[in-house]
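There are 2 protein chains.
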Amino acid sequence: MAEASSKQDLIVGVDLGGTKVLAGVFSPQLKRLSSAKLTTKAERGYTAVVERIARCVRDAVDEADFSLKQVRAIGIGAPGAINPESGEVIFAPNLRWKDAPLKKDLEKMLDVPVFIENDCNVCALGVHAVELGGRPRHMLGIFVGTGIGGGLIINGELYGGFNRTAGEIGHMVLEVGGPKCGCGNRGCFEALASRTAIFRRLTEAVKEGQKTVLTEMLGPGQELTDLKSGDLRKAMRKGDKLVGKVIEDAAEYTGIAVANLINILNPEVIVLGGGVLDALADEMMAIIIGTARDYAMAGTDKGIEIIASKLGDEAGITGSAVLARRGMKS
Amino acid sequence: MAEASSKQDLIVGVDLGGTKVLAGVFSPQLKRLSSAKLTTKAERGYTAVVERIARCVRDAVDEADFSLKQVRAIGIGAPGAINPESGEVIFAPNLRWKDAPLKKDLEKMLDVPVFIENDCNVCALGVHAVELGGRPRHMLGIFVGTGIGGGLIINGELYGGFNRTAGEIGHMVLEVGGPKCGCGNRGCFEALASRTAIFRRLTEAVKEGQKTVLTEMLGPGQELTDLKSGDLRKAMRKGDKLVGKVIEDAAEYTGIAVANLINILNPEVIVLGGGVLDALADEMMAIIIGTARDYAMAGTDKGIEIIASKLGDEAGITGSAVLARRGMKS
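Top to bottom, those sequences are chains A and B. Using numbering that gives the first Met the number 0, read the first sequence as starting at 0 and increasing by one per residue. Using numbering that gives the first Met the number 0, read the second sequence as starting at 0 and increasing by one per residue.
It should be emphasised that the hints constitute simulated quantities derived from the structure, not laboratory data. One or more of the hints may lead you astray.
Note that the list lumps identical chains together, so a pair holds whenever it fits in one copy or between two copies.
[What the hints assert, rightly or not] Calculated pairs, DSSO-like style, for lysine-lysine (alpha carbon to alpha carbon, straight line, at most 30 Å):
# : residue 1 : residue 2
1 : K301      : K179
2 : K97       : K301
3 : K36       : K68
4 : K237      : K206
5 : K244      : K179
6 : K19       : K40
7 : K301      : K103
8 : K30       : K107
9 : K240      : K309
Make the full structure from the sequences, and use the hints.
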């Protein structure tokens with residue numbers, strides 16, 4: 000091991016998802032040095048997943064030829080309601096966790112300070128600190144994937160509100176009486192524009208006899224819902240009209256949601272990310288921006304930037320590293 | 000004039016509306032000592048209205064047997080987009096003003112420092128500082144009258160966002176493709192639950208042949224839209240089914256809007272005020288609260304208070320006094 004690197008104060012950022020765990024090792028200047036990936040295997044239960052997170056962290060550190068002793072702090076973005084003070088995952092339906100003392104258990108296992116936040120908050124933090132250099136005073140991150148979540152930066156700081164659940168923009172009702180959402184309500188933004196909503200509409204259309212090249216892209220035994228956002232992009236580039244229309248509608252709903260959030264919060268920058276946007280930014284952003292500016296109250300969107308994040312699926316580990324760096328300074 | 004009062008540092012709060020101007024004289028402890036009221040007469044043009052504001056301030060001060068020399072600061076809540084730093088009313092459609100240097104002109108006329116803010120922001124400030132004793136860290140005020148506006152307190156401070164237009168919650172789309180709004184869009188909260196929306200629905204129903212006691216309450220030559228929120232309460236208390244149904248629907252839409260704002264902002268307290276709520280709180284609040292808690296994501300509304308303001312039409316002058324007191328300290 001090189002002398003120079005042994006003096007480094009490394010940071011590890013972890014992106015804990017329902018299907019996979021990503022860990023990245025970062026320099027104190029937030030340069031990514033290595034990464035590792037494991038499946039989550041949530042079905043094996045809490046303790047098994049915590050062990051897998053620890054293994055993923057060790058793998059990433061080893062990959063860059065470092066030792067865990069050189070790691071000053073670990074940040075984790077986890078899906079669900081988080082209490083950053085106690086370091087508990089209060090509720091994470093994707094992981095089937097409730098009141099899980101993740102910080103305490105990981106610290107015991109790795110002997111390194113651990114900091115936890117909601118995954119969308121962490122992504123917003125990463126975009127703000129690394130992609131935008133900490134510049135915007137007020138920023139909103141909108142992450143469109145299987146679900147839709149948001150993260151809010153107000154006065155340069157992550158804003159959580161009273162119960163630390165602020166930014167649940169996926170459950171903003173946009174269409175009273177609209178399609179049913181996983182949360183039990185109808186017409187939520189998530190029920191209109193998430194990957195789940197897009198594939199639900201496509202499945203319904205195919206049942207009604209409409210044609211799409213997507214059905215030709217299915218492997219044996221696969222359903223439409225097994226496809227990915229990248230497959231939607233491929234279909235659009237082949238001129239698939241059904242997919243084009245469904246994506247256009249999702250982009251319009253997203254634009255209306257952005258306008259609502261400009262009217263309510265008036266952030267300086269709105270950044271869109273997540274799997275759907277990462278794959279379809281070229282197809283969706285012009286519609287999202289046009290619709291948002293059309294729907295925002297006259298004058299309220301002046302000078303406000305609406306952009307797509309370039310961090311892609313690195314947003315989570317990057318933001319978690321920012322969280323860890325922030326935590327170890329305080 | 001008594002010796003004691005001549006030493007007081009008085010504050011004047013002004014509520015500038017499209018139809019009337021209210022001014023209140025307050026003690027440094029924000030006790031209201033007197034008030035005065037004038038019609039705005041916006042049709043006479045900017046200079047005439049500024050003179051009327053000055054007259055209303057002088058009337059209120061004289062009413063309490065004080066002199067203008069004892070007034071340390073004047074706060075004004077004005078409808079529209081305001082630049083508090085420059086003291087300009089950027090755009091106020093109700094007054095037909097654009098880039099009006101209100102602070103400068105009033106200071107010239109009265110020789111007292113003047114502070115200006117948006118009317119809904121000022122009302123939120125008044126509710127926060129006086130009604131709630133400055134307690135909540137994060138608070139949202141929702142004011143339902145002819146239109147619908149909001150004011151946001153974040154970390155104990157008025158939050159304006161990038162263009163100082165945050166809190167335009169009346170133009171949050173709740174029902175894509177819904178009824179047309181004055182802003183040009185469709186399905187805004189304001190187009191579904193404001194006094195204007197309520198009377199539009201009542202007028203349509205009467206045209207379709209539905210019955211209501213409201214038509215019997217009309218004076219000669221009066222239209223339904225000439226009635227007030229208090230008349231709606233009277234009709235409901237007489238058991239009017241049409242009015243009951245329309246108010247119930249407006250309360251449900253308001254509850255959905257409150258849930259959206261809990262999901263997005265997670266404030267500690269949500270306070271509802273404005274003409275419609277002042278008149279119909281007993282009829283609407285239970286529905287608003289029930290709907291909001293039903294639609295808010297599980298757990299996000301825990302401990303969050305949803306209450307009706309008791310300040311009534313004093314919210315504006317009270318908040319303007321708070322604004323002035325805050326301004327003269329800084």
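Violated constraints from the hint list, given by number and in increasing order: Of the numbered hints given earlier, the structure breaks none, since each of them holds.
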